[in-house]
Amino acid sequence: MPTTPAVRLAQVVKRFGELTAVDHLDLEVPAGTCFGLLGPNGAGKSTTMRLLTGQTLADEGQVEVLGHPLPAEGKAARARCGVVPQVDDLDDELTVAENLGVYARFHGIARRDRPAAVARGLTIAELEGRSDTPTDALSGGMRRRLLIARGLVHRPELVLLDEPTVGLDPQVRAQLWSTVDAIKHAGATVVLTTHYIEEAERLCDEVAVVHRGRVVARGTPERLIREHVGAEVLELPGRRDDLAAITAEVRAAGFATRSAGTAVAVLGAEGLDQARLATAGAGVGRRRAATLEDVFVVLTGERPDPHHEPADDPHAHEADHTEGVRR
Amino acid sequence: MSATTPPPPTPPVTTLSAAPTPAARPAPRRFEPRSVGAILHREWRVFRRVWFSTAFGSLAEPILYFVAFGYGFGALVAEVAGLDYLDFIATGAIAIGILFSSAFPGLINGYFRRKEQHLYDGILAAPVSVAEIVTGEALWNAFRVTVVATITTGVAFAFGVRPGPGVLLVPVVSIVAGFGFASAGAAFGALLRSTHGFDFVIVGVIVPMYVLAGTFFPLDTLPTALATIGQVNPLTHVVELLRILTFGTGTLVDALGHLTVVLVFDLLAWLVAVKLLRRALVS
Chain G
1 MPTTPAVRLA QVVKRFGELT AVDHLDLEVP AGTCFGLLGP NGAGKSTTMR LLTGQTLADE
61 GQVEVLGHPL PAEGKAARAR CGVVPQVDDL DDELTVAENL GVYARFHGIA RRDRPAAVAR
121 GLTIAELEGR SDTPTDALSG GMRRRLLIAR GLVHRPELVL LDEPTVGLDP QVRAQLWSTV
181 DAIKHAGATV VLTTHYIEEA ERLCDEVAVV HRGRVVARGT PERLIREHVG AEVLELPGRR
241 DDLAAITAEV RAAGFATRSA GTAVAVLGAE GLDQARLATA GAGVGRRRAA TLEDVFVVLT
301 GERPDPHHEP ADDPHAHEAD HTEGVRR
Chain W
1 MSATTPPPPT PPVTTLSAAP TPAARPAPRR FEPRSVGAIL HREWRVFRRV WFSTAFGSLA
61 EPILYFVAFG YGFGALVAEV AGLDYLDFIA TGAIAIGILF SSAFPGLING YFRRKEQHLY
121 DGILAAPVSV AEIVTGEALW NAFRVTVVAT ITTGVAFAFG VRPGPGVLLV PVVSIVAGFG
181 FASAGAAFGA LLRSTHGFDF VIVGVIVPMY VLAGTFFPLD TLPTALATIG QVNPLTHVVE
241 LLRILTFGTG TLVDALGHLT VVLVFDLLAW LVAVKLLRRA LVS
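Chains as they are written, first to last, in my numbering: chain G, 1 to 327; chain W, 1 to 283.
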């Protein structure tokens, strides 16, 4: 028997003035999976997340969350979702425990179950000893953990994480990955947006690469790498002035490339001998396994897309520019 | 991960289980009193920390009015509109307290929670609607205003004002009026794009409201055009209602007429606040 997808978007369009932030987006996320929306700033990821919470309304198409059509059944859908926003919107007028307790109330948790829900939230946030600490006295990492715990206080079936680790140091990021992994293994569906490639590779069963409001590729990270890049990449370092010539020479030899900053990355380079490429200006090449980052750049371009910033959508605009900074 | 990076903690799987509790909870209705209660609870939690500033303002403001207008003007003016001037300004001071203590939090908190703290974005990601937020916050401000109105009444007593038994209904009037003014404040707060807009709302709307309401002088002393504006000012009807209840300046029918105007204002202000805040938050 087919199960209801956790998320279903059919031909969804969202415009902000002249800009089409989401452009005939089709997406289905199976229940029980961890699904990543990967894309550069302004790709439409945050707008898509807001469409799923009913805080942005689609101009065209259908949005369903856990079988509930939006916006008609938005409250019913949100009651079963946990949302962790990119922008830190913790309630600074309350303590840690009060933040959890108030959101337990918002989610309709019965009075007798609230203390356990708050205690569970404190455990998730690893803030058991700080329940009475004012939220504005927490560090950035603690705030982010509390934000995640707040989104889980009612044991949601679907967890929406919008750039959950943006702006955090590596140790805190590793902690949060561990928490997301635990949510996944507990059986909840996770949809996360990120532009950290490693995050998507580590956490997601499946990813969709979003560019200019459309899904341009979708699959497991391994499959996307295999299909769009190949198994290996050869990075040819060179001086800034030589990189264009190296790129031209490699392409003339029939290989696809992408910029890797101080080097030219030759894609699908398994078994390729550097000597065959006749790249005079290049240093000694470094061979490495292809990654999702290679796929990302191949599919979304090597340069930022400044013309696709949804400036007319105050929410998406903020989300794209704040980079998780507390506001 | 480098060798020096500490390993991540053990995932707290047991605390995260997607237990079937959500399905056990009934789907929320379009407007849930429970959600309004949750908003009120949040406000109460915050108030427990800031009650002193509220109490200080509530006490200091009417004392200043009574000193300035009672001792100052009172020495020059014995009677206004058939009332001792002190009695006249006592009801005016209560009405102004109701206006300020509900409209300002509605306006200023509403703006900052939306634009700066993003608090409403967080709440709206939970099963709470804009109408429930507006209702909860306006109700809280209305309840809080009763404290202000009661303190102001106490200060009036201390300055020698002796109202009739109808003064016991002042808290009821303050809740009814406070709800409307708080909603109106929230409506303006939802319109503002930056803090510069406060100037327009305060100087362009709130100050004229309390000047043209018969608070410190009767409306009929004003030019006809201004007096007419004053007649459609909801604060005027709050002042008149208070005077009827506390000093018997009108009949029961008059009181019901003023109450009806205030109730209609409440409804309109609430509807506009919900519409404008929804427009500001849901794009």
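Hints were generated in silico from the structure; no laboratory data involved. The beta carbon of each residue, even a glycine, is placed where N, CA and C say it ideally should be. Treat the hints with care, as some may be off.
[As the list claims (entries may be wrong)] Calculated pairs, SDA-like style, for lysine to any residue (alpha carbon to alpha carbon, straight line, at most 20 Å):
1) W:Lys275 <-> W:Ser53
2) W:Lys115 <-> G:Leu94
3) W:Lys275 <-> G:Ala72
4) W:Lys275 <-> W:Gly257
5) W:Lys275 <-> W:Val172
6) W:Lys115 <-> W:Asp199
7) W:Lys115 <-> W:Leu281
8) W:Lys275 <-> G:Leu57
9) W:Lys115 <-> G:Pro71
10) W:Lys275 <-> G:Pro71
11) W:Lys275 <-> G:Asp136
12) W:Lys115 <-> W:Val172
13) W:Lys115 <-> G:Val87
14) W:Lys115 <-> W:Ser194
15) W:Lys115 <-> G:Ala72
[Claimed, not checked] Now the in silico label distances, taken between C-beta atoms and shown as ranges:
16) G:Asp132 <-> W:Ala78: 33 to 41 Å
17) W:Phe73 <-> G:Glu18: 58 to 66 Å
18) G:Gln171 <-> W:Pro33: 53 to 61 Å
How the hints compare with the structure:
At roughly 31 Å between alpha-carbon atoms, Lys275 (chain W) and Ser53 (chain W) are farther apart than 20 Å, so this suggested pair is violated. For the suggested pair Lys115 (chain W) and Leu94 (chain G), the alpha carbons sit about 18 Å apart, so the restraint of at most 20 Å is met. A distance of roughly 17 Å separates the Cα atoms of Lys275 (chain W) and Ala72 (chain G); the hinted pair therefore holds under the 20 Å criterion. The suggested pairing of Lys275 (chain W) with Gly257 (chain W) is violated, with an alpha-carbon distance near 27 Å, which exceeds 20 Å.
The straight-line distance between the Cα atoms of Lys275 (chain W) and Val172 (chain W) is roughly 27 Å, outside the 20 Å bound, and the hint therefore fails. Taken as a hint, the Lys115 (chain W) and Asp199 (chain W) pair is honoured in the structure, with Cα atoms around 17 Å apart against an allowance of 20 Å. For the given pair, Lys115 (chain W) sits about 10 Å from Leu281 (chain W) by alpha-carbon distance, which is consistent with the 20 Å threshold. Distance restraint check for Lys275 (chain W) and Leu57 (chain G): the Cα-Cα separation of roughly 15 Å lies within the 20 Å cut-off, and the hinted pair is therefore satisfied.
Note on Lys115 (chain W) and Pro71 (chain G): the hinted pairing is violated, with a Cα-Cα distance of about 23 Å set against a maximum of 20 Å. This hinted pair checks out: Lys275 (chain W) and Pro71 (chain G) have alpha carbons roughly 16 Å apart, not beyond 20 Å. A C-alpha spacing of about 31 Å is found between Lys275 (chain W) and Asp136 (chain G), which places the hinted pair above 20 Å, so the restraint is violated. Taking the CA atoms of Lys115 (chain W) and Val172 (chain W), the gap is about 33 Å. The hint is violated against a cut of 20 Å.
In summary, the hint linking Lys115 (chain W) to Val87 (chain G) is supported, as the alpha carbons are separated by about 12 Å, within the 20 Å threshold. Our distance criterion of 20 Å between C-alpha atoms is met by Lys115 (chain W) and Ser194 (chain W), whose separation comes to about 8 Å. Restraint check: the Cα-Cα separation between Lys115 (chain W) and Ala72 (chain G) comes to about 26 Å, which exceeds 20 Å; the hinted pair is violated. The hint said 33 to 41 Å for the Cβ distance between Asp132 (chain G) and Ala78 (chain W), and at roughly 56 Å that hint is violated.
Between Phe73 (chain W) and Glu18 (chain G) the beta carbon distance is about 59 Å. The supplied range of 58 to 66 Å therefore holds. Under the hint 53 to 61 Å, the C-beta atoms of Gln171 (chain G) and Pro33 (chain W), about 44 Å apart, miss the expected range.
Checked against the numbered hints given earlier, this structure breaks hints 1, 4, 5, 9, 11, 12, 15, 16 and 18; the rest are met.
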